[in-house]
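Put chain B on the given structure of chain A with help from the hints.
Here is what each chain is made of, one letter per residue.
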Amino acid sequence: MANRTYEVMYIVDPETPADKLTKLNEAVGKLIEKEGGTVVRMDDGGRRTLAYPINKKTEGFYILFEVEGSGQEIAELERRMRVNDMIIRYITVRVDEDRKKAERRTAKREKRAATRAKFRPTEETAPEAAA
Amino acid sequence: MIDREMDVIGERDIMAGGEEQFGDKAPRRYQRRRPRQVIPDYVDWKDVEFLRQFIPERGKIMPRRISGVSAKDQRRIATAIKRARSMALLPFVWE
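Going down the list, the sequences are from chains A and B.
Take any residue in the first sequence, count from 1 to its spot, add 12: that is its number in the numbering used here.
Here the numbering used here is used: position 69 in the second sequence is 66, and no number is missing along the way.
Hints in this document: simulated from the structure, not taken from any laboratory.
It is possible that some hints are incorrect.
[As the list claims (entries may be wrong)] List time: in silico DSS-like cross-link candidates among lysine-lysine, alpha-carbon distance up to 27 Å:
(1) A:42 x B:43
(2) A:112 x B:43
(3) A:32 x A:42
(4) A:112 x B:69
(5) A:120 x B:57
(6) B:69 x B:57
(7) B:57 x B:43
(8) A:69 x B:43
(9) B:79 x B:43
(10) A:130 x A:113
(11) A:120 x B:43
(12) B:79 x A:112
(13) A:32 x B:43
(14) A:120 x A:68
(15) B:69 x B:79
(16) A:68 x B:69
(17) B:69 x A:69
[Unchecked claim] Computed footprint of chain A on chain B; a stretch qualifies when at least three of its residues, placed anywhere within it, have a C-beta under 8 Å from a C-beta of chain A:
(18) 34 to 43
(19) 84 to 90
Yeah, the Cβ is synthetic: ideal placement off N, Cα and C, and Gly gets one too.
Isolated chain A (complex conformation) (with noise of 0.2 Å):
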């Protein structure tokens, strides 16, 4: 399968222990390695202030994953995810194809400014054609 790129934020209860939280993110990591995923990247965001309480809580642990793989390792973590009660909120967001999308759109600009700049007179020649 196409290997697809994923973004997996989730918030942590702000009263789980601190060896709980890094031994959680582990097994978070071993279960996208077994499911046939890479990790990318993963990012502790630490402890945030919520925009709005969520189950009664006004702060969290934001952690974030950069995740490479088929999509099936998604599926399990997401199961996992809401079984899970240290975990208040998750988001899954793909990213491969939008950000495919912004450098195709940076390229072009890019090279349309190279043209413009080949066409347009530069500050030496510019007076001899107005002469």
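Frame of chain A, contents of chain B only:
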């Protein structure tokens, strides 16, 4: 005589024009505005600082007629804001 009649007609025409202009059915025109900020090629839903620009005090997504961004960009920004909201990065409403 003929000249005067012409004058009267001319005045009426002007009046009629004025009434139309200030009537209830005058179309509301918005000035087209250029966006104040550069929209990156990839709108990241985690970039709260960038998305904040499109959220006035109340917490609603700024309409396109105010922000002046293109329809495509507006769509990308709106989905990014919605994703950020669901992860409590941005509020749904501000009191």
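How the hints compare with the structure:
no.: 1; hint: A:42 x B:43; in the structure: 25 Å, holds
no.: 2; hint: A:112 x B:43; in the structure: 18 Å, holds
no.: 3; hint: A:32 x A:42; in the structure: 15 Å, holds
no.: 4; hint: A:112 x B:69; in the structure: 16 Å, holds
no.: 5; hint: A:120 x B:57; in the structure: 33 Å, violated
no.: 6; hint: B:69 x B:57; in the structure: 19 Å, holds
no.: 7; hint: B:57 x B:43; in the structure: 18 Å, holds
no.: 8; hint: A:69 x B:43; in the structure: 21 Å, holds
no.: 9; hint: B:79 x B:43; in the structure: 11 Å, holds
no.: 10; hint: A:130 x A:113; in the structure: 26 Å, holds
no.: 11; hint: A:120 x B:43; in the structure: 25 Å, holds
no.: 12; hint: B:79 x A:112; in the structure: 21 Å, holds
no.: 13; hint: A:32 x B:43; in the structure: 25 Å, holds
no.: 14; hint: A:120 x A:68; in the structure: 48 Å, violated
no.: 15; hint: B:69 x B:79; in the structure: 16 Å, holds
no.: 16; hint: A:68 x B:69; in the structure: 37 Å, violated
no.: 17; hint: B:69 x A:69; in the structure: 36 Å, violated
no.: 18; hint: 34 to 43; in the structure: holds (count 5)
no.: 19; hint: 84 to 90; in the structure: holds (count 6)
The structure does not agree with the numbered hints 5, 14, 16 and 17 stated previously, though it agrees with the rest.
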